[in-house]
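K.L.:
So you can see what is in the structure, the chains are spelled out below.
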Amino acid sequence: MTRWIRFPLVSVALLILWLLLNQTVSAGHILLGSLIAIIGGWSLTLLELPIARMRRPTAMIRLSALVLADIVRSNIAVARIVLGDDRGRERKSGFIDIPLELRDPYGLAALACIITSTPGTLWANFDASSGTLTIHVLDLIDESEWIRTIKSRYERLLLEIFA
Amino acid sequence: MLLIAVIALPFAGSCVAVFFRANDRNAEAYLAGSISLVTLLFMATAYPLVVGGGVVRYRAEWVPTLGLEFVVRIDGLAWALAVLIAGIGLLVVVYARYYMSPADPVPRFFSFLLAFMGAMLGIVLSGNLIQLVFFWELTGLFSFLLISYWHQTAQARDSARMAFTITSAGGLCLFAGVLILGNIVGSYDLDRVLSSGDTIRSHALYVPALILVLLGALTKSAQFPFHFWLPRAMAAPTPVSAYLHSATLVKAGVFLLVRLWPAMGGTHEWLWLVGSAGLVTFILGAFLAVFQQDLKGLLAYSTISHLGLITLLIGLDTPLGQVAAIFHIMNHATFKASLFMAAGIIDHESGTRDIRRLSGLWRLMPITASLAMVAAAAMAGVPLLNGFLSKEMFFAETIEVHDNSLVDQALPYVVTAASMFTVAYSLRFIRDVFFGPPPKDLPRTPHEPPFLMRLPAALLVLACLVVGVAPSFTVGPVLDSAARAVVGAALPEYSLAVWHGFTPELLMSAVAMAGGVGVYLVVRSRLLVSEGPPVLRHIDAQRIFDRVLVALSWRLARWLEATFGTRRLQPQLRLIASAALIAGLAPFFIHGLAPGGALGTPFDLAFALMWAVGIACALGAAYQAKFHRLAALVMLGGAGLATCISFVWLSAPDLALTQLAVETVTTVLLLLGLRWLPKRTWQIDSSGAPAGIRWYRARDFVIAVAAGSGLAALAYLVMTRPATESIARYFVENAYVKGGGTNVVNVILVDFRGFDTLGEITVLAIVALTVFALLRRFRPAAESIPVPEQQYAQDSADEAHPDRQKGESVKSAMAAPALIVRLLFPVVGVAAIYLLLRGHDQPGGGFVAGVIMAVAVILQYLAQGTIWVEARLRVLPVRWMGIGLLLAAGTGAAAFLFSHPFLTSSFSYLEIPLIGAIPVASALLFDLGVFALVVGATVLMLIALAHQSVRSHRAPRAPGAAAKPSVSEVR
Amino acid sequence: MSRLTDHLIIAPVLLPLLAGAVILTFGSEGRRNFNAAVNVVSSFALVAVAVGLLRAADAGPGLAGVYRLGDWPAPFAIVLVADRLSAVMLLLTSVVAVAAVIFSLARWHRAGPHFHSLFQLLLMGLNGAFLTGDLFNLFVFFEVLLAASYGLALHGSGAFRVKAGLHYIVVNLAASLLFLIGVSLIYSVAGTLNMADLAALIPKIRADDLALLEAGAGILGIAFLLKAGMWPLCFWLPTTYAAASPPVASIFAILTKVGVYIVLRLWLLLFGNEAGASAQFGGEWLLLGGIATVAFGIVGTLASQDMARLAAFSVLVSSGTMLAAIGMGQVGVTGGALYYLISSTLGISAFFLLVELVERGREPGADVFAVTREAYGDVDTPDEEEVGIAIPATMGMLGFAFIGCALVIAGLPPLPGFIAKFALLTAALNPSGSSPGAPVPMASWALLVLLILSGLAALVAMTRAGIRAFWASPDRAVPRVRLIEMTPVVVLLILCAMQTVHAGPVMRFMEATAQSLHAPHNYVRGILGQKAGG
Amino acid sequence: MNTVLTWSIMTAQILLVLAMACAAFRILWGPRAQDRVLGFDSLYLNAMLLLLTFGIGSGSRIYFEAALIIALLGFVGTAALAKFLLRGEVIE
Amino acid sequence: MNQAVAVPAWVSMITAILLIAGAAITLIGALGLLRLRTFYERVHAPTLGTTLGTGTIVMASMIYFSAVGSRPILHELLILFFVTVTTPITLMILVRAAMSRDIIESQKSSQ
Amino acid sequence: MMEIVLSLGIGALAGSGVWLILRPRTFQVIIGLSLLSYAINLFILVMGRLRIGAPPVLPGATKGDPAQFADPLPQALVLTAIVISFATTALFLVILLVSRGLTGTDHVDGRESEQ
Ligand code: NA
Ligand code: NA
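Going line by line, the protein sequences match chains P, D, X, C, B and G.
Note that the numbering used here gives residue 83 to position 83 of the first sequence, counting from 1, and the numbers run on in steps of one.
Note that the numbering used here gives residue 812 to position 812 of the second sequence, counting from 1, and the numbers run on in steps of one.
Note that the numbering used here gives residue 268 to position 268 of the third sequence, counting from 1, and the numbers run on in steps of one.
Note that the numbering used here gives residue 37 to position 37 of the fourth sequence, counting from 1, and the numbers run on in steps of one.
Note that the numbering used here gives residue 65 to position 65 of the fifth sequence, counting from 1, and the numbers run on in steps of one.
Note that the numbering used here gives residue 73 to position 73 of the sixth sequence, counting from 1, and the numbers run on in steps of one.
Okay, derived cross-link-like pairs now, DSSO-like style, lysine-lysine, Cα gap no bigger than 27 Å in a straight line:
#: 1; chain 1: D; residue 1: LYS738; chain 2: G; residue 2: LYS63
#: 2; chain 1: P; residue 1: LYS151; chain 2: D; residue 2: LYS811
#: 3; chain 1: B; residue 1: LYS108; chain 2: D; residue 2: LYS626
#: 4; chain 1: D; residue 1: LYS679; chain 2: B; residue 2: LYS108
Residues of chain D placed beyond 10 Å of chain B at every Cβ, according to the derived structure:
#: 5; residue: LEU41
#: 6; residue: PRO208
#: 7; residue: ASP294
#: 8; residue: ALA396
#: 9; residue: ILE703
#: 10; residue: ARG776
#: 11; residue: PRO786
By construction, these hints were calculated from the structure, which means they are not laboratory data.
Using N, Cα and C, we set each Cβ at its ideal position, and we do this for glycine too.
Please construct the entire structure, taking both the sequences and the accompanying hints into account.
P.N.:
Rendered as structure tokens:
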């Protein structure tokens, strides 16, 4: 069984995907969906996907809420910038380097998605050898403020989840 | 039936002859000889039937619906010529047996000779004009092959080609003429045509028909102005000349004239066209013959002259003229054949045919000399020989009043004068070759040839003598029946006696004789030094012919091809676009523009704005495609997206899905290709473009605008028209009831018109295979081989950095996207399966599912690189394609088991425990085949392209290629 | 639909499809013998099927049968129809295919991957195009055959093939787009795609819609005429055909005939005398275009140095003759044209095969072949000992075959080119119903002149080429020709010769074919049932 | 379907199409290749949203898959373009 | 235009507001493409659409169809999920590409 | 009114496409062919006349009423056309690459024209 379901989370997700797509929870589709999900999960072993170790569901929920709130806030902020509502100050944008402790590939991928999805910040580069993350910030007021935000708000939680 | 054998036998012999050993002259001669002999014997048995005007016919069905029969028709004329053909054929075969050297590959020779004999017999025995033309062209072909027998010499090749070209062209004209005759008469049957003379002569098409037939006859018989091929044809082996230029090939033309005289003769046009051609040829040939230095050349011009004489006789348009013509055809055949043989013997024995080098051969080969002298005397028209008789008849005819024109009145004097030249060249032949001092410096010392080599000539000379002495006992009946076949029952009286008393024609003969001797004596001294006839010497017919042929068939043709054709693509596309424009617009000029009804849909600002974007992208792509390929590609995508959205708007979700998936793959595909295209810099700004290019652009712009507006107008006209009752009704009504699916489009695709889909996936499979095959041999241009600029820069930065490996920085930066892409693999796969399974009822289906599945695979390549993926994931695309094709076709063919036609679908509900009834349609299986094939084909194409990068990275750098990285063309 | 013979009509499509699929699935590239065997067996089977269909078509009222795919009723779904014309085209195709396949076995099938599968799929496309009774399905089969032809045209690779192939592809892509425009326009007006249904509907089209219908038909016509090689849409043809490898060029001789076939089929079906206001639509253009094509073909024939190019221009002459003959719109001329179609196709196919054998001793083609192989380091290096022992009297055989081809192409006796020209011209000069000696239409004269001139041009060009190839260099190396290369050429020529000998029955068949094309009641009724087709 | 909804859908569609126009501006005027790709990405997203609004407007679920396909695969084209800009070739 | 199904007024109100809000925020993001000065600034703009814009419109769709079909419709969430997961892929590569190209260009201009 | 918009769209796509296929560079031609196939796919679709919001998907397991739905046949034809034009685009792309590799130019004639 474990030989076949190497990625149980993925398989479950695929089953949910299948059921959502078909908008049904009928027995037939659960059976068919499971079959497809197992095959789908198995296909990932071919692609040598690293094994994920995810823990702390609470941290996950906290992170999600945090990201959601940040996204809404940043949306408004960036919308203001675009509409020219700079409140009379000179806006500055630029790159900043952030040293990261996070090494887990899933954690990094999640961080990439979070940073990129949040308006105003962009994942620009990551140097695996030094663990340096480069991001681009649209409204760069205080560089150290940004570093702290990323590290304390996101990286900490991600380290908890993907440790 | 037996009659067909007469014609078929030589051809059969020809086929057999090929298979003998290369130097088996005896066997070949026996074969050819016996075939000639059998033909002669057959003719002998047929003689009683044709003598006195009888006709023997045999009709075989050939193409009855076209009125084409195979008719063998023997009357007196045909009989006489058939005997000449077979008889002289027999003698030539015997002669050739000794003439051809043991080294010559004789199977070819005798095979062609027999085939030629068959074709000649076919001409004279044809009872149908089309059949006659059929054999006419065959004689041309085989004479070509015979003349070019020694094809290693340029002279043989060129002369054969010239003879073939001229006579075949004439043959084609004859064909046309015969077709017109058939139109006039309503039949190609010779009997019908011969009995319709009045209809033909009074028809409006008479003159064209006559001219065309004459072109055929006059070219074949080497009449002025088509005479020049004949002397050149002397490059043939002498037996060939003896046969072709005495009894056969050239006689075909005059035979045809005599044959058709009852149908076409008797008009002013006939008199003038045929008569003048004959007269000019007679004079010219005789004059030129005198000045020839080559024995065979002399004989060739003499042949031309005698054929002119015969033509003139035919052209004089009197019954007796025809009789004399037939008589001279026979006589000329006998003496000319023997003369050619003699010339051949001389050539064979002495090694030269140059009259200036030959002399005094009388002493060295007395028998041959005697034979030749008698034959030459016959040629000159010396009494007691056959040539004298027909010449007398000729003179008599010229005296007759025909149309009493100036030419007609002058005719007796002119022909007498010309006959002096006939006598002169005959005399020259005898005097310069056989008399005088013994020859010096000949390549070989001449002596008498073997008896059997002389025998044919001897027999022919004997014939000349016998006929000349006792004509009425020998050829009398034959000539009579031949004449009756032409002139009919109203054959006027004529006498074949040697002595008619002191007649004007006798006087003419005597004057010609005396004058001929005089001419010879006058020109003799000049002949030994001259290079040819005065004035005409500089006209080299071969060169003129060649030049004209080259000018017409090569220079002019190439100029025409270049002018009215092109090898470039753009003009072709311009023409196609223009042609389509005309085809699409012309009907509106004819039927008028009928605008449709009102606009059926409300205004939708969003849709209009969306199309503003789409149109901008399309125009932008058109503008940028030359210098900013990537930009054009992106704009193309924008235009495609507008199309997709329109599909959604226009109630075509399936199309939108498919187009979206295809868009994605196409973009990846084009990008893969972009890698291998050369950098293009903005070299010339358009304002500085030369006027020519600006003109081309303006023209293309007009075409493009017209095409765009045209298509738009057509679309508008249709859209504003009320819908027509269409077959779509049936599909909507029965998609579920009979097809078992609610998505009508999908039911059409996999069921109602599943056959289209089967074809369509086949196209995809074929293209994938072709792409694969092409890329296997792909070799990029030198400047595209090095790694791209970006990689070069990134790699060198990594190499400069102490603790980084080549490519590492990009790899670590891309780790996150790559991981997400890997996770997406099953997700996209699930989406694909979802679309596949629901396709029958909801938008989706095998095709779009297959493309999406392929995208899932390609994404992995994109994120991880070819080598990485292929080390882990083995997709066997060709196998997928094969299985898909078999599955789709197999599902269709499964209907055979139930005695239904191909692709008959069935659907039912399958009861499965726990799950319940699930619909199972055979169409789904079909769609599965489509899916498999599409996955295979799409992946195969993309992978094949992707592999090029791997291949070229591995490939050693080409020596000439720049080490510098290629510069990408994007800005 | 109970007996197996009822399914015979689908066999010409299904058989090559399955053969192609089997080769793809089970025959890897290493198993070339397996692939070749499947190809050969399938091709021979296709000959048998075609003969069966021909007999069936000739026995009945001209229809061997109507095959309703998926058991759906006409005119809604796709039908395959085998009548005399389809059957004869199928037979011609399969015969040429067998010759080409066998020829290719000597060496050419090794010149690139997937030859056998592409070849079978090409046959599928051709056969489908000849059988289908549906306009859009015709498009699909056109695409099948074109796609396969793209692949095959490029078989063997090399710069000259690629250059020619590029033009070929672009031009045909443009034509395919026009095809789509035409079909959809016709659908928009008539509401059907079934050809027979269309024939029944066209007389009833509203006057307002006539212009749209004719625009559709005109644009469609451009697409077909382009494929048929009508001047001035034909310039792609000589280069492509001359560049193609011999077995491919040989089967390509059929490809233009597909365009001709469609014009013949559709024009007579849709715009025959009963088409109401649109009757004879575009006939004069066919005639003029055909004449121009023959003229251009003549010019090209003369201007060609290269024998393959000469052959390619003969294709144009052949196409032009067919088009002009069809454009005359007379039953008799059509019958003659059909007879001509057979002989010229067989002759030109044989010639394309022969050209390479003749040129082989002179090595330019082989040079390119070798260069291609060398330059691209391909794995398909033919092993030299496979070329085989030269057959005795090789040059003699080649010369004999060359003369045969020349005679067919120039239309000289004894091969059937002559009968064909006679059939065409006698029908053109003596239209059915006219009395002897009646005035002859101008078009007939034009045809007469052109056929005579084309014969002369072919003759001049062929003698020139033949003399250069066979005689001008007597010390040239005798080409190494294998028996399986010579046999197909000879067999094709023997078939030609048989067409002369059996000219009577063949001509009767062709005239019956022409009759039913010009009066397609049986065709329409056979598809739509008794009610329609009045 | 009431007026409020009809008007809001129409307004939303016009706004989204205007967004597409902005994206198209970047596609057409660049100035650099990455700008065009960015515009293209945005164009796809806006198109996807447009389809969603169209689905609501028509009250039919049938258009959902088209939007879903853009959401899932719309990135493939742009990612390939971006990769091309990054590495000079799409698949290494 | 369609099978008019009566929806409660509050549903249509909420749907309308969400739709217009989503479209507006997306448009603002797209305007950013026009108004922001450098490429790196402009890359931020579309994420307005991919996050809040998509989120609100997806929500509108879910609410509307749930009301119409009188059962919860959730599969629009897939769209949101896919957009969230896939947009970063493109943007990350694109930004990295732009940086790389800038470096190359600056190297070239310094030569 | 969408008729006008669509006609303009089709016209612009087709006009741009025709302009491009008359250009001398292979890449221009391939873009042109793609634009043309968009135009023609739309053209085929509208040959069944315009229907908005009436996709030919039956609401249930019933006999459909043709008046309720857009004409499904042109849609099926366009689907086939899309597939085929995709295939031919791929093929043309490859041949243009091969041509470029073998001839050293991206001119459609395999050599730079003299003008
Ligand atoms: Na962001
Ligand atoms: Na961000």
